[in-house]
Each structure stands twice: as structure tokens, then as C-alpha cells.
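Undergrad: Sequence:
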Amino acid sequence: MQASSTRYTIFSLLFLIALINYVDRGALSFAANAISQEFHFSKVQLGAVLSYFGFGYLFGSLCGGFLADRLGTKKVWLMAGILWSLLEMATAWAGEVGMAIFGGSAIMGFAALRILFGFSEGPAYALMNKTIAHWAPDNERGFALSIGLLSTQVGSLLTAPIAVGLLLLTNDWRMMFILLGAFSLLAMLLFARNFTDTPLLHPRANVAERQLIINGQKRENRHDGALPWWRFFTSRTLVCNALGYFSFLYITFTLVTWLPKYLQDNFHYDLHSLWYVAMIPWSGACFTVLLGGRIADRLLARFNNLRLARNVFAAITLCATACCFMAIPWMSSATGIIALMTLGNALNALVNNVYWSVVIDVTPKASVGAYSGMTLAIANLASIISPMLCGWLAEYYGYNAMFTVTACIAFGSMLAMTLLQPEKRLQSDAPAVAAQQAL
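Residue numbering for the sequence shown follows full-length UniProt numbering, beginning at 1 and increasing consecutively.
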């Protein structure tokens, strides 16, 4: 019997939902000028507004991973997706909420809604990793992760034309948020009809496909018990991997939150040109995020060396990424700066697959959701630090300082990735305890 291809439908759903997740979070950056003018926000205040998302996202990623291990991925996906859709629509009235409830402070209204919105979006990538751990055989894991992670780059790429198009079409930043939230709700209905936690639960996954997936996963992945949360911090590999992932997210959030404002302030692009210019830095990353998964899989298949496929690959790529951003302050033309951003972001995306693969490499499947969430929570300090720090640097030292700091962070993460030990799996204490009791 030929195996069905239901797993690819699942991977496609992950791509769609995670793409919408990124478009929804990035839309605020394109409304930043209109919001700043209406509520009289400075660059520092705008940086704070953009960073509030990260506070909620950090806790959401932690809760999402633990809830997925206990309730199942589908329930948590639906709860999170419906909530972030409603909060996206509510952002249209964030300023009014602040002035009505928080003593006339519009910024507090944005703070409250963006923190809740970040919390609801936080579980997405931990849920993705948990889903792939169940649905992908080992030889397709890199490809499956790349399809899911491609959503980060495509979502960032499409945010510009979608957000700017809605702004120009409606001439109202509030209506943009309402329409985006409504579309997200429709997407969650599609997701609910076609997604299940495991292949065994899906009516369209035949016996051959279920066996292909189960037999294609390492035996210890299937039978190791869950680990307590604190064991995460006993693993040098997991901690250093989270620090490495911090760099990826710092660069991503720097571009997602400040690129539109930077282009408008430095090169005076208006909305009619911003929609396509702001897409360019994400164009290369859409290809390299897929290529990175393929390269990692090929290196592992050819040399059977996890350190080569993880440590060396990541360190070399992060070094090249840092060099690109370090060179931006020395470039005077808009064309040159955008070219360096595009190359640096493409290299940054090339290694995205590694961070998630490492969690699956060293973690029992029963703890993949929780440990993915913890990895994401640590790394997502970048979603708080990046917008706020960039706003402060831009206000007092200029935008060039923003790119220099970004490069230094990439160099630091490069060093962290050289310390991984991906061949050392964390083992549950349960088998050892059971063996002792048997004796």
C-alpha cells in the first residue's frame, strides 16, 4: 500500500497559521507613523509600544509548550489562534482603551493589548515543533521544520504589501487591524477542520503513512518519559542553543519593528513605495530558510556528525551575518544598505532550522513542547529588548548604532553555538528507577 501524504497537509497548515501569526504581529510597524502622529509618541515611546508584545510573547511561549504536552497541540493552537485574532481586531481601539481606563494614557492601552496579544501568539512555534515531532519521520524533519519556519520570512515579506495595501485602501489604520483579525479567524476554522495531534487520529492518514512516520523516528524519541522543567538548565546544549536563537530573533525583530520607520526617516519613502521596498530585505531569507534545512539534513546524512550539521554550520553562518550588519553604518546609499540587510537577513534565516532541530535532537518527545517553549521564551527576550533598545539608540545615537549592536549580538550567538553538544541526549530517570525496583 502506498503511503498517503496527509503529513504534507499538516505541514502546509503549520505554514499558513504561522505566516498569519507573523503578518498580524508585524502590521503595527507599518501603522507606526500614523499612530505616533495621532498619539504624539516619541521614538523611545514608540519603541516601548513595539516591545510590549515581547513581554506577553515570552510567557505565552512558556505556557504554550507546557499546555501542548498536557492538552494536545490542536486545543492549544485553536485557543491561541482565536484569542490573537480577537486581540488583533481590538488593537484598533488600543489608544481609546488607554485613555478611558488608564487615566488618559494611550500608551498604557497599547501596552495592555500588545502584552495580551503577545501572550496569545507566543505558543505558535513551540506548538509547531511539537507537531513536527509527531508528524515527521527523522529523514523529513529538516524539511518539515523549514516549511514551518519559512512562514517567518514569507510572513515578514508579505506584511509590507498587505499592511500598506490595507492602509491605502481604507485610509484608516484601525480598519487594517479589524480586517487582519477577521481573516485570522477564518483561517482558524480551516485549521480546525483539517488538523489532528498525531497521525493515528487523522482519518486521511492511511496505515502505510502512519507506519512510515512511526518507524522513521528513533525508538528513544518515542519511549523516553517526560523530563522536569529544570532539567533544561542542566543541558549546556539547550541553554547555548537558546542563546544562539536569541540572535536570530533579535535581528528579526529589529527589522520587523524598525525597518519601515528607518526607511521613512532616513530615505523618505512614503507608503506608495514602502510596500515594495520593505519587502526586499526578506526576499533572500524566503529561500535560505528552506535551503538551511536541506543543508543540515545533507551534512548529517553524509557525515553522520551532529556537531558539523549543527555547531559548525550555525557558527559560520552567524559570523557572516554579523559582518553584514557591521558593514551597514559604512554604507551611504539606500541601495547598498538594503542589499546588506537582505544578505544579512538571508544568512540569519539559513540557520533558523538548526535551533529547533537541536531541541528535538536532545529532548525526549514527551518534553519537546515544554523545552521548545522554554527555548523560545529565553530567546524571545529579544522581542522585548530589540524594539526598546533600537528606539533608544535611534533617538540618542542614530540608526547606525542600532546596526552595530545587532552585529555584536550575532557575534555573541556565534560563540554560543560553538558550545553545543547535540549528540548528548537528555535521558529520563524513569527507566533507571524502574530497573532498580525490578532488582
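Simulated from the structure, these hints should not be mistaken for laboratory data. Bear in mind the structure is a predicted one, so any value in this text is a computation, not a measurement. Treat each hint with caution, since some may be false.
[Unchecked claim] Capping the alpha-carbon separation at 25 Å, the derived lysine-lysine pairs in BS3-like fashion look like this:
#1 Lys424 <-> Lys75
#2 Lys74 <-> Lys365
#3 Lys424 <-> Lys365
Undergrad: Give a verdict on every hint.
TA: Verification of the supplied hints:
no. : hint              : in the structure
1   : Lys424 <-> Lys75  : violated, 32 Å
2   : Lys74 <-> Lys365  : holds, 17 Å
3   : Lys424 <-> Lys365 : holds, 15 Å
Of the numbered hints stated above, the single one contradicted by the structure is hint 1.
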